[in-house]
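Quick note, the sequences are listed as chains A and B, same order. Residue 249 is where the first sequence ends in the working numbering, and the numbering goes up by one at each step. Residue 406 is where the second sequence ends in the working numbering, and the numbering goes up by one at each step.
Hint data in this document are derived by calculation from the structure and do not stem from the laboratory. Given the structure is predicted, the values throughout are model-derived calculations rather than measurements.
Partial pick of chain A residues on the chain B-facing surface, computed with a CB cut under 10 angstroms:
id	residue
1	Asp-210
2	Gln-212
3	Asn-220
4	Arg-223
5	Glu-227
6	Ile-229
7	Tyr-243
All C-beta atoms in this analysis are idealised placements derived from N, C-alpha and C, irrespective of residue type, glycine included.
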Amino acid sequence: MSIHSTILIVEDDPLIGKFMSRAVEDAGFRCMIAETAKDCRILFFSEMPDLVLLDLGLPDDDGLNLLKEMKDVRESIPVIIVSARERENEKVKALDMGADDYVTKPFGIFELMARIRTALRHSNRAASQTLSDEDAVFQHKGLTMDISKHQVRLNGEEIHLTGKEFRILELLFRHKGKVLTYSWLMQQIWGDFIPADNQILRVNMANIRRKLKENIEEPVYIKTELGVGYRMPEEE
Amino acid sequence: MENNSALIFVLAVVIISCMTEGYFFGITASLVSTICINWFFMYPYGNFNLSLTGYPVAIISTLTCALVVCTLTSRTKLHAKMAEDRERKTTELYRKNAILEKEKTTMEISRAKADVRSNILMSVSHDLRTPLTAIAGAASVVLEQDPNEHLADNFELVRGIKDQAEWMSIMVENIISVAKLGGTDTELQLRPEIPDEIIESCVINIRRLFPDADIELHLSDEIVLVYAEPILIRQVLQNLLENAIRHSESKLPYEVSTEITEDGLRFAVRDHGIGIPEDIRALINRNDSVFMDDNSEGEHRRGIGISACQSILKAHGSKLIAAEMPDGGTEFSFILKTAEQEYSI
Chain A
14 MSIHSTILIV EDDPLIGKFM SRAVEDAGFR CMIAETAKDC RILFFSEMPD LVLLDLGLPD
74 DDGLNLLKEM KDVRESIPVI IVSARERENE KVKALDMGAD DYVTKPFGIF ELMARIRTAL
134 RHSNRAASQT LSDEDAVFQH KGLTMDISKH QVRLNGEEIH LTGKEFRILE LLFRHKGKVL
194 TYSWLMQQIW GDFIPADNQI LRVNMANIRR KLKENIEEPV YIKTELGVGY RMPEEE
Chain B
62 MENNSALIFV LAVVIISCMT EGYFFGITAS LVSTICINWF FMYPYGNFNL SLTGYPVAII
122 STLTCALVVC TLTSRTKLHA KMAEDRERKT TELYRKNAIL EKEKTTMEIS RAKADVRSNI
182 LMSVSHDLRT PLTAIAGAAS VVLEQDPNEH LADNFELVRG IKDQAEWMSI MVENIISVAK
242 LGGTDTELQL RPEIPDEIIE SCVINIRRLF PDADIELHLS DEIVLVYAEP ILIRQVLQNL
302 LENAIRHSES KLPYEVSTEI TEDGLRFAVR DHGIGIPEDI RALINRNDSV FMDDNSEGEH
362 RRGIGISACQ SILKAHGSKL IAAEMPDGGT EFSFILKTAE QEYSI
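Can you make the complete structure from the sequences, with help from the hints?
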């Protein structure tokens, strides 16, 4: 992650835009603000930002259209959605359309900065091809996963996962730090035979978390993004 | 012979009087009959002779007969008509009454709805004004002061602004939920959810607001799914925990638990604090609004949280129960329906 990364803030409220840019600049990033979809298009093409903070409620266009346009041009551009609570569904839609993360208004500045760092790190790692490496060995705190040996160890002790559970954990490892939505996970694992609801995924996940002896008060490996999906947290 | 034929005419007069309205036809008929009888059936036939013995008597009796029958029939008819009128009026009255009753009930219902909403609105505007005043005041003081001179002061003030704003945003969350659920009769889309995930998310949010709060979890070991709108149920648990932390003065940890019962999964939030007044508890258990005119500010604030819980749970086909615990403190609980698991793992 370059300290000179440029962040494009797309936000129509001047005060919110101001405090976000201030926080981003204090953290050492370069920053631009677009208050309309039109400005966003211009700045996106002329300045080539490294990350976009996108508020879905813009005055002149649907934020989802903007997201699609940007992802069509540069698939790897990390986009963090800034959404209000009334727009729950839009947020999930945006994630399914390729947005990398989200923060819900009102959000704290620490939370926002953590999400920005994670998304930048994640986009760099995506470039280094661990996403498709078939011999990958993943590690997260006490948990290791060896894909080729089909082996999972928790604090050195082997734990047994079913085929589906193994696939789910692998996806979480490969997209560490990113929110994986229910529908994306369902698509990845059940493909064309996708069940009508996500009950089966939820039960599988509950089983994995039990096997990983997750503490609900402070999960270490798999965090719940309520109403959206799951995320393996990035180590800070 | 002539006597019998005369009787036939009398019968005709009676029938005509019966069938017609008023006296005109009856009298005409009786006059025509007496003339006819005289003409056809009395000697000399084919002649009109008034001087015959008994004839005036015949005229008078037929006429009287006609008059009496006419009077009787018109009276009967009048009675029948009156009865009919009365009946119609009665049914009309019944119908009107039914409509009125219905209107009254709908009015009462809408008034009850309006009461809850205006209660919440009143209370909310009152409760939002206080932090808003604090925020605006603190901000203008910070702006006007020399920042170098009052550094510590300013820090305090700005932190106050942040606290008040955070509290306002919790408030607004609740208002959004109540408005969403109360405004329309649209049913919630309830989905099968893992209760532990809702509790995890709730505890993380509460920790952010109250880093020092001691919360203990006692969750059912079994994996179950409950029908819920997860964000709203998280809000219920958050409100209950927040109220407990702010108001119960509990010395022991707050407890959140789930337990499988016959009716579904029972969620409970309990404290070991000072408890809540019995009348408020009764209101909650009757699912009534907990707002009262003489509520103190703290009670108002708690009231909004509880009201939001009530409307969210109602939309889930559930209700909030408040119980006083024998070893002190209060337990709030509710039950959510569990989903049948269709898949074997």
